[in-house]
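Chemist: Given chain Z, put chain G in place with the hints provided.
Chain order of the listed sequences is Z and G.
Position one of the first sequence corresponds to residue 78 (my numbering), numbered consecutively onward.
Position one of the second sequence corresponds to residue 12 (my numbering), numbered consecutively onward.
Heads up, a few of these hints could be off.
To be verified - A short list of chain Z residues far from chain G (calculated; beta carbon distances all over 10 angstroms): (1) Thr129; (2) Gln133; (3) Ser227; (4) His299; (5) Gly340; (6) Asn445; (7) Arg453; (8) Arg457; (9) Leu464; (10) Ala467; (11) Gly470.
Claimed, not checked - Computed beta-carbon distance windows for the label pairs: (12) Z:Gly255 x G:Gly202: 46 to 54 angstroms; (13) G:Glu162 x Z:Ala107: 43 to 51 angstroms; (14) G:Ala221 x Z:Gln354: 56 to 64 angstroms; (15) G:Tyr237 x Z:Arg474: 46 to 54 angstroms; (16) Z:Arg130 x G:Glu141: 27 to 35 angstroms; (17) Z:His435 x G:Val38: 29 to 37 angstroms; (18) G:Val115 x Z:Glu173: 41 to 49 angstroms; (19) Z:Gly255 x G:Glu141: 49 to 57 angstroms.
Keep in mind the hints are simulated off the structure, nothing from the lab.
Ideal Cβ placement from N, Cα and C applies to all residues, glycine included.
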Amino acid sequence: MATPTTTHRSGIVDRIMRDYDAVAARLPDAAVTRAARGRSMHELARLGWPTTRDEQWRYTNLRAFERVAEFAPRVLTPASGDTAALELPPALPGFERLLYIDGVRDVAAARAPTRDTIVPETVWSAEQRLGLLCDMFATDVASLRIRGSSAIEVLFVTSAAAAGAACYPRLQLALEPGSQLQLVERHLGAPEIPTLVCANVAIELGRGAQLTHYRLQQCGVHTVFADTLSAQLTDEASYSVRQVAIGAASARTSAQVQLAGRGAAFSWQAIAVGRAQQVHDTALKVEHRAPDTRTDEVFRGIADEHARIAFSGHIHIAAAAPGADARQSLRGLIEGAGAEIDLRPRLEINTDQVKAQHGATTGALDENLMFYLLARGIDRSTARALLKWAFLGDVLRAIELPQLRSAAEHGAAGQLPDIMAIGALT
Amino acid sequence: MSTDTHPGAGTAAPSALLDIRDLHVKVAGQEVLRGVSLAVGAGEVHAIMGPNGSGKSTLAHVLAGRPGYEIVSGTASFEGRDLLALTPEQRARAGLFLGFQYPVEIPGVNNAYLLKAAVNAARRERGVAELDAFEFLAVVRAKIKLMQIDESFLSRGVNEGFSGGEKKRNEILQMLVLEPKLALLDETDSGLDIDALKVVAHGINTMRAAERAIVLVTHYQRMLDYVVPDYVHVLARGRIARSGDRTLALELEKRGYDWISEQAAA
Numbered sequence: 078m079a080t081p082t083t084t085h086r087s088g089i090v091d092r093i094m095r096d097y098d099a100v101a102a103r104l105p106d107a108a109v110t111r112a113a114r115g116r117s118m119h120e121l122a123r124l125g126w127p128t129t130r131d132e133q134w135r136y137t138n139l140r141a142f143e144r145v146a147e148f149a150p151r152v153l154t155p156a157s158g159d160t161a162a163l164e165l166p167p168a169l170p171g172f173e174r175l176l177y178i179d180g181v182r183d184v185a186a187a188r189a190p191t192r193d194t195i196v197p198e199t200v201w202s203a204e205q206r207l208g209l210l211c212d213m214f215a216t217d218v219a220s221l222r223i224r225g226s227s228a229i230e231v232l233f234v235t236s237a238a239a240a241g242a243a244c245y246p247r248l249q250l251a252l253e254p255g256s257q258l259q260l261v262e263r264h265l266g267a268p269e270i271p272t273l274v275c276a277n278v279a280i281e282l283g284r285g286a287q288l289t290h291y292r293l294q295q296c297g298v299h300t301v302f303a304d305t306l307s308a309q310l311t312d313e314a315s316y317s318v319r320q321v322a323i324g325a326a327s328a329r330t331s332a333q334v335q336l337a338g339r340g341a342a343f344s345w346q347a348i349a350v351g352r353a354q355q356v357h358d359t360a361l362k363v364e365h366r367a368p369d370t371r372t373d374e375v376f377r378g379i380a381d382e383h384a385r386i387a388f389s390g391h392i393h394i395a396a397a398a399p400g401a402d403a404r405q406s407l408r409g410l411i412e413g414a415g416a417e418i419d420l421r422p423r424l425e426i427n428t429d430q431v432k433a434q435h436g437a438t439t440g441a442l443d444e445n446l447m448f449y450l451l452a453r454g455i456d457r458s459t460a461r462a463l464l465k466w467a468f469l470g471d472v473l474r475a476i477e478l479p480q481l482r483s484a485a486e487h488g489a490a491g492q493l494p495d496i497m498a499i500g501a502l503t
Numbered sequence: 012m013s014t015d016t017h018p019g020a021g022t023a024a025p026s027a028l029l030d031i032r033d034l035h036v037k038v039a040g041q042e043v044l045r046g047v048s049l050a051v052g053a054g055e056v057h058a059i060m061g062p063n064g065s066g067k068s069t070l071a072h073v074l075a076g077r078p079g080y081e082i083v084s085g086t087a088s089f090e091g092r093d094l095l096a097l098t099p100e101q102r103a104r105a106g107l108f109l110g111f112q113y114p115v116e117i118p119g120v121n122n123a124y125l126l127k128a129a130v131n132a133a134r135r136e137r138g139v140a141e142l143d144a145f146e147f148l149a150v151v152r153a154k155i156k157l158m159q160i161d162e163s164f165l166s167r168g169v170n171e172g173f174s175g176g177e178k179k180r181n182e183i184l185q186m187l188v189l190e191p192k193l194a195l196l197d198e199t200d201s202g203l204d205i206d207a208l209k210v211v212a213h214g215i216n217t218m219r220a221a222e223r224a225i226v227l228v229t230h231y232q233r234m235l236d237y238v239v240p241d242y243v244h245v246l247a248r249g250r251i252a253r254s255g256d257r258t259l260a261l262e263l264e265k266r267g268y269d270w271i272s273e274q275a276a277a
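With the rest of the complex left out, here is chain G:
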């Protein structure tokens, strides 16, 4: 890992799956990301931590293509492609997955329909034959079991009437079914009790693979007891202020974020 010219880099930039360089982003005229650089290689798990308002969720949403953000300068590439030039749906089909902190409810669109449409959109992109109803069910059933979700949920509206924990499990289920190359999980641990956290963490761990990268955006370190990251980065005042291994997360647990925020302000 190099931190000299490319702070926050996990692996050497040329082989990085995700390569962010000096990214500046404004929201409503306010600069929220102020020069983020980060490289994430295939097979790696990164945790991005930081105090509230540090820009963690902004970074995840900018990478997924949410409208409402102004890219002031900098670059982000995904497998060598200019990520910021792609539409949100193109990013998803290219293999980027955003797990939402607050998954929306869409009554009237059932989970099975959404999942199947999403899977087949990605397969079309890859030039692979689409799954028919039977093939899709076979795929999804195994994953549902893993996430300890009742199969009846498939015929329910997307997240309709789900508890906070069920919504998060559904996000991970979607990730398992879609098998992305890069998963950005935005505070997936928030609002989970310990049992749900273990289920969610188990789901995430099953996704660890040599060809896949996972970026966990989290405020607390407790998730990292179950999904052990290779790298930990602290975002403060719109920049990656410090990077390290999982011991950094443990240090943050003891000391809080103030000392890093103060350093970032200096």
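Chain Z with its partners taken away, still in its complex shape:
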């Protein structure tokens, strides 16, 4: 396909176009149709590459993306099924596992997901434009229609084969009315492999459907990671996200949730723990479009050493959403002298009949709590570790699957070595 002309071209967009042209003919239609890929490419060209002058991208490590050597995926065909070298986590009891290696389904996986496009093409907003990359380059898709009650784990693993290139995990979910799903979405990667991982997740919840979505981002420390999520909720649907972001050199989450049906409920509980030079940036927008809709948003971030953590939580309550109830609790803990945390709560309310509250605090450990522990004879380093652990506790305890909670706790504690030392993990 010919590269489109644009008024917002930049060096990186040109490179993306070139990489796309080089690989387009070999990308499978089954993941995304050629026409849809082309539309995404034009949209990216129209929007241009984001800059830190844009409010929604101010804290993203865009340079990390601009340094990516190759945007084209290298792995285009299903993997061999030889997973011995990947050190996969143990299976979750009662969960069906789908395994994607470098963005392509492992052929040995137990179930072949449906191939029909079950979620309509997503229209990404400007703050979600990295989703266009996955639309352009995706090599496969986990496309699932859920009826009844299910428990599914989708593992997206980056292998050595993707080193220096990119992979594009893609997940599409449609929950039929009244269905229930426990979904684990886990991104894993070998620590020494510099790779771009650009994931898209599109979700539709039918009337009364319930989705609990556990998201663990544990990519390797040289990975540049972006995930773009879109969810649509109809009447009485319920969507709960428990997200733990601890991996990658730079990570950006762009999520938009639309509460389009009466009584739809959304809960987002997330932690991000960064150290060294890591950057974790999340932009979450929730739109209340129907009456009696609910949002409960909790974010806890710890930035150690020179890490930077940012969270933008925008809740928009439309005039058509009386009875909406929206809560935001954003807290950041700065642990390193060179660390930075930026929390931006934003409530936009266009109707009178709402309950809304938000709070955002960033700072060091609470001195009152510290003194209480010291006054019990606990040494200072243990007290610090305990309080950091307590800081993350709300969100970690909300992970109801013991095995997954343990994995999340060990992952988070691995970012904060003093916590490992005190043995407070369950």
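Modeler: Just chain G, lined up with the frame of chain Z:
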């Protein structure tokens, strides 16, 4: 008890467990303690009373090592050691316990973990073998029963969702488990109904021992009906204005604090 050169002294200074001499302390540039002297001997129970703002809680927190206070002059020794030179955690491990007026909530750190870590920190300090999980449970179970606390609380976050009374009971439970040499109980009676007060007082009374001292900081005398002190001191305007036995507390109950404050101001 001598009140001439060492006002507020309970026993002769050389044998005192806690010996405070002419302690002056500022908070945010304001002198809050203005020459406190007090000696507390092993086996004694002292009550420190006084009107709001007299410096009672400041004294307790300074002794426990809370940051934010400026020691202008004076000394405080604990078993002959310079207490003010120790960090808060060293003071605790040496056997000093502060029961907080407003115990904090620490969700995510469970009570059992905190108690076990605290007990073992003190045992390490004494060169005694640490308790393992089974030994610790055996110790803590008996004390929990005494404080009429449900055992499920051990797995709950520290003071998380506790009522005011439950928090105070938890403070006393911690004291029972830690078995300090000196317990400073800062307004432990505040916010307690009569039943909880009796439970808390019973817990405190079980700690009375020849080798241990207890200092009750309180505004009201009602606690002293249940934990009968050997000595009562009244703190007014940053100094110990008067010391006596428990009849002083009863007199304060009748006359209030104004007359002592006026004397202290004179």
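Chemist: Please go over all the hints and tell whether each is borne out by the structure.
Modeler: Checked hints:
| no. | hint | in the structure |
| --- | --- | --- |
| 1 | Thr129 | holds, 34 angstroms |
| 2 | Gln133 | holds, 31 angstroms |
| 3 | Ser227 | holds, 31 angstroms |
| 4 | His299 | holds, 31 angstroms |
| 5 | Gly340 | holds, 28 angstroms |
| 6 | Asn445 | violated, 6 angstroms |
| 7 | Arg453 | violated, 4 angstroms |
| 8 | Arg457 | violated, 7 angstroms |
| 9 | Leu464 | violated, 7 angstroms |
| 10 | Ala467 | violated, 3 angstroms |
| 11 | Gly470 | violated, 2 angstroms |
| 12 | Z:Gly255 x G:Gly202: 46 to 54 angstroms | holds, 49 angstroms |
| 13 | G:Glu162 x Z:Ala107: 43 to 51 angstroms | violated, 58 angstroms |
| 14 | G:Ala221 x Z:Gln354: 56 to 64 angstroms | holds, 60 angstroms |
| 15 | G:Tyr237 x Z:Arg474: 46 to 54 angstroms | violated, 39 angstroms |
| 16 | Z:Arg130 x G:Glu141: 27 to 35 angstroms | violated, 57 angstroms |
| 17 | Z:His435 x G:Val38: 29 to 37 angstroms | holds, 34 angstroms |
| 18 | G:Val115 x Z:Glu173: 41 to 49 angstroms | holds, 44 angstroms |
| 19 | Z:Gly255 x G:Glu141: 49 to 57 angstroms | holds, 54 angstroms |
Checked against the numbered hints listed earlier, the structure breaks hints 6, 7, 8, 9, 10, 11, 13, 15 and 16; every other hint is satisfied.
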